[in-house]
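K.L.:
Now for the letters of each chain:
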Amino acid sequence: MIIELNFESEVPIYIQIRNQIVKGIASGQIALGYSLPTVRQLANEAGINPMTVNKAYGLLKQQGFIVVDRRHGAKVNAQMPNRKTLSPEMEGELALFLCEAKLVGLSEAAIIDIVKDLYRKLI
Amino acid sequence: MLMLMILGPTFLILYLSFLWNAFSLHSVKRGFFYGVSLTPQQLEDPEIQEVTGTYLKRIKTFFALMAPGIVLVSWPVPYFALTFSAMMLYTGLLMYYPFKWAIRSGEALKAIKASRGWYQKEAIVLRVDLDLAQVKLGAMPGLEWFLLATMAVVAPLILNLGEPALRWILVPSGLLSVVCAYGMNYALKRMRNHVYSEDTQINYQVNYKRKRDWAWLSVGIAMLVALINLSLLLLDQEENNMMAFMAILGGSSVAIVAATFWLERQHLKRIRALKTMNQESQAIYGYAEDERYWYGGIFYNNPNNRKLLVSSPHGTSSTFNMGTRGGKIFFWGTGLLVAVLIIPLWIMVVIDEVRPFSLEVTNEVISLKSTLYRETFKPEAIEAVDLVPSVKLTFKTNGSATSRYAVGYFRSEAYGAVKVFLLGDRKPVIKITLKDQILLVSLATKEETLALYDQFKKLIK
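Which chain is which? The protein sequence lines are A and B, in order. For what it's worth, our numbering labels the leading residue of the first sequence as 1, then goes sequentially. For what it's worth, our numbering labels the leading residue of the second sequence as 1, then goes sequentially.
Derived from the structure by calculation, the hints contain no laboratory data. Ideal placement from N, C-alpha and C gives every residue a C-beta, glycine not left out. Errors might be hidden in some of the hints.
Some chain A residues judged to face chain B by a derived CB distance under 8 Å, without partners named [claimed, not checked]:
hint	residue
1	Ile2
2	Leu36
3	Pro37
4	Leu42
Just need the whole structure built from these sequences, with the hints factored in.
P.N.:
Put into structure tokens, the structure is as follows:
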């Protein structure tokens, strides 16, 4: 799995790392239980501060997508948090997305179609 | 003639490599000119055409003028210092002018691009492979281990030669090369970190394989060096092993060169294949932002880029980022290494030419000294002194020789291993038999040699 970091983007690097790992897991490009590079390895590889990687891994761990083991480093969680509900943050983001979609003139059906298409494409 | 046969092909290869390098910097196919990217539309700009046209014209004229130099430099002349100086001058010219014109042209193109507003801010996207980030290159043996192994094999031989000057030059330079190799290996370990390049993951993969291959090749070379040294030791005992020694030396040299070419060919094939794959995958590539840090497509100096090695826009090679501490150390270290090794060697060659050796004969001691070889002994140590009409040297074990003089360790047809201090036409030659070796001495003229022989005869009476 190759992740792309855009240094000119307004999205912070740690969010970019977090987002791409989440996309990778969801699309199956990163297998469950996969050993991620250590904080130092990934920081060295990308030429970024280890604290940035640490922050991304911390976020992923907090959300239950990865587990961090002292002996084996970071691994993709073999048992994903199967909550079947959206977290309050995700719900907030979805609400904002729906508002923006309505403002650009998308109907409920059109939004559902787009979501379906994207779901099939990404996952 | 032998010099022409050795130096001729060497300088032809050197000439062709610089020629290829100079023309590869002007790459219409890749759209890169001295490190600056240009689109076909931009290439039609009259000012751009003037710069590229001038570069091509200069390069063509320069290399046409330098071509006869291959023969001139290699032509056998009686003065080796002259040949050596010509070699240095020729190499210097081949390096200086093409580099200078490439840098100037590159800078001119950058200025034109900036004035036309052709530099658009592009996103700099780094692609990181999560699998390759976990590859531990540091675990691979590097060149320094090969050199250390070679030193372990060669150093005892050097130390046993009994020439203090040689010890002081060869042993420290050997150790220095180990340190340099360590630096190179460190650089290779850091290579995987280079940024701003479409080739990032390609280099990871290829260099990992390359390093493993080189490690095996290193072991092979170390074994061959040991074999050569063993044959050298055998040669001292057996007179007729010359052909075997030459066969081992020649065969192993050919094997090393062939293995090197074969390995590199495999690596380059892999790089090309991966690059094609990368291009087909429509990778995002932010070069335009980076090209301001390239000088002539040869040197790279970007203090904001933490990467030590970066991929060259021309071809498949990498170069050091002089904006980093490691890059600075490598660049100036190489310069220092050349200065430390070449300049003293040059001075030594000139001294040898002017005065191949000095001779001091007193009642207490006889001393023969050259820059690298010396022999001091008391008259009592002489077992016999003879005057021989001439001497034929068959093989140079460790010495220097031109048509004007010969100094050092040689093998002669009549006396086997000898140490010689010879000047002039070597007719006649004084043969001095010491307890453990035979010395052959002759001076510039026959009269001087005969006078010296008389002096020796009086001393041993």
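K.L.:
Run the structure past the numbered hints and jot down the numbers of the failing ones, going up.
P.N.:
Failing hints: none at all.
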